[in-house]
Amino acid sequence: MIALSAKALIAVLLLAAGGAKLADLPGFTAAVALFAPRRTPRQVLRGTALGVAIGEIVAGAASLSSPGIGWLNPVVLGIGCGFVGVSVAGYAWHRDRPCHCFGALSARTFGAAGIGRAVVIAVGAAMAMVPARSSLIQLGPAGRLSLLAGAALVAWAAFSAAAAVAAGRDAAPRWAS
Amino acid sequence: MIRIPLYLAVAQWALLAALGVLVVVMFRQLGRLLAGASQPAELGPAVGSLAAPVAYSRPGEDAVRRLTPGDGQPALVAFVDPTCPSCEELVGVLDAARRAGELTGLRTLLLISDPVSYLQISAPFRSTGLEIGRPAQAGGLRSYRVTATPLLVAIDAAGLVRAAGPVRQAAQVRAYAQACLLPEPETTLAVVPAAAARGETST
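From first to last, the protein sequence lines stand for chains E and G.
So the first sequence is numbered by the working numbering: it starts at 85 and just counts up by one.
So the second sequence is numbered by the working numbering: it starts at -2 and just counts up by one.
If we strip away everything but chain E, and leave its shape as in the complex, we get:
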């Protein structure tokens, strides 16, 4: 039960994070630029940011709707470990810079708390690797389709919410303060 819950929650988290990043691609591109060499072309940075956002959505949707595919679990665990690595690197070199991990939905910056959150996600992804009885995870086409539809809905809702927040943020509160 715990492993299944962790698997579903991590998948939904990936969907929301990917959707929100897509809505605030310039902001996330800026976060990607923090970890790239200075002369990296803008198109490469933007392409990387786009790839990460879409990759998260695809991984989340696949993990959510196909719990029986074993090789997806290590992939999600790898993504979780990637979050930990980025959080640690951000804490080391770009402390207090916005990470745009959830696009405009979160104003959180690289910090110790961010490392803690990333570790929780990685632990959740590791827990999801515990094998479950096939009767618990066996989905029919209808069940799989309903989860895919739900995944699309969450990604779209995250995109919309992040776009709405970004629209308000463009009122430049940093200047007004």
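Keep in mind that the hints were calculated from the coordinates and are not lab data.
The structure displayed is predicted, hence computed values, not measured ones.
Where hints are given, some of them may not hold.
Said to hold, decoys possible - With beta-carbon atoms standing in for the labels, derived distance ranges:
{"id": "1", "chain 1": "G", "residue 1": "Q166", "chain 2": "E", "residue 2": "A120", "range": "31 to 41 Å"}
{"id": "2", "chain 1": "E", "residue 1": "I138", "chain 2": "G", "residue 2": "I1", "range": "27 to 37 Å"}
{"id": "3", "chain 1": "G", "residue 1": "E86", "chain 2": "E", "residue 2": "I153", "range": "37 to 47 Å"}
{"id": "4", "chain 1": "E", "residue 1": "D180", "chain 2": "G", "residue 2": "G102", "range": "38 to 48 Å"}
{"id": "5", "chain 1": "G", "residue 1": "Q166", "chain 2": "E", "residue 2": "R126", "range": "22 to 32 Å"}
{"id": "6", "chain 1": "G", "residue 1": "E128", "chain 2": "E", "residue 2": "D180", "range": "18 to 28 Å"}
What the hints assert, rightly or not - From the structure, some residues in chain G lie toward chain E, with a derived Cβ separation under 10 Å:
{"id": "7", "residue": "I1"}
{"id": "8", "residue": "L13"}
{"id": "9", "residue": "L16"}
{"id": "10", "residue": "Q26"}
{"id": "11", "residue": "T80"}
{"id": "12", "residue": "P82"}
{"id": "13", "residue": "Y115"}
{"id": "14", "residue": "A120"}
Positions of the beta carbon are idealized from the N, C-alpha and C atoms, including for glycine.
Fit chain G to the known structure of chain E by using the hints.
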């Protein structure tokens, strides 16, 4: 009785919870936007007021530089950010105006609030020949009322604000540049409240 796999139930609850959170976020944001729309924020300093001095640092430099309105040199100050697409547009237009010689005699300063590292993600910001600065003090520019970006402020040689607004087009930039060079107004009535607001006394 229909039996569904445990995972399906768990996943559906997780999706429902995420949707619930996102709907709450959207409604809160909608509320904020509506509240903001009912009380439109004023943008830019009042035309005719004395522009406040600006302390800033160039990217990669620690030294604090100053733009002192009223020092005899007219200035165009643009409040822009690399993560704001409209700001990129304005920077491109300003750069084209500079290359065309339309900003001759003006000190043109692009002030950013984003981290300096963000400059590299924006082609117009990366390639501009205009001076870029980041304010030395976060709250030091309150009198400019930068409630949205981009904001362009035209300051004449006497330090008076001649125009201020959300400019994006070449014709507007030309008009602002010309406004900087207008002769000093005969009346200084508008100057008095601004000076008084800063606690200055006149004899």
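Here is what the structure says about each hint:
1. G/Q166 - E/A120: 31 to 41 Å: Distance hint for G/Q166, E/A120 holds at roughly 33 Å.
2. E/I138 - G/I1: 27 to 37 Å: holds (30 Å)
3. G/E86 - E/I153: 37 to 47 Å: holds (46 Å)
4. E/D180 - G/G102: 38 to 48 Å: holds (40 Å)
5. G/Q166 - E/R126: 22 to 32 Å: Given about 24 Å between the Cβ atoms, the range holds.
6. G/E128 - E/D180: 18 to 28 Å: Cβ of G/E128 to Cβ of E/D180: about 26 Å, so the range 18 to 28 Å holds.
7. I1: Given a least distance of 7 Å, the restraint on G/I1 holds.
8. L13: Hint holds; G/L13 Cβ to chain E Cβ min 8 Å, cut 10 Å.
9. L16: For G/L16, the interface hint holds, since the closest Cβ of chain E sits about 6 Å away, which is under 10 Å.
10. Q26: holds (4 Å)
11. T80: holds (5 Å)
12. P82: holds (7 Å)
13. Y115: holds (5 Å)
14. A120: holds (6 Å)
In the structure shown, no violation is registered for any of the earlier numbered hints.
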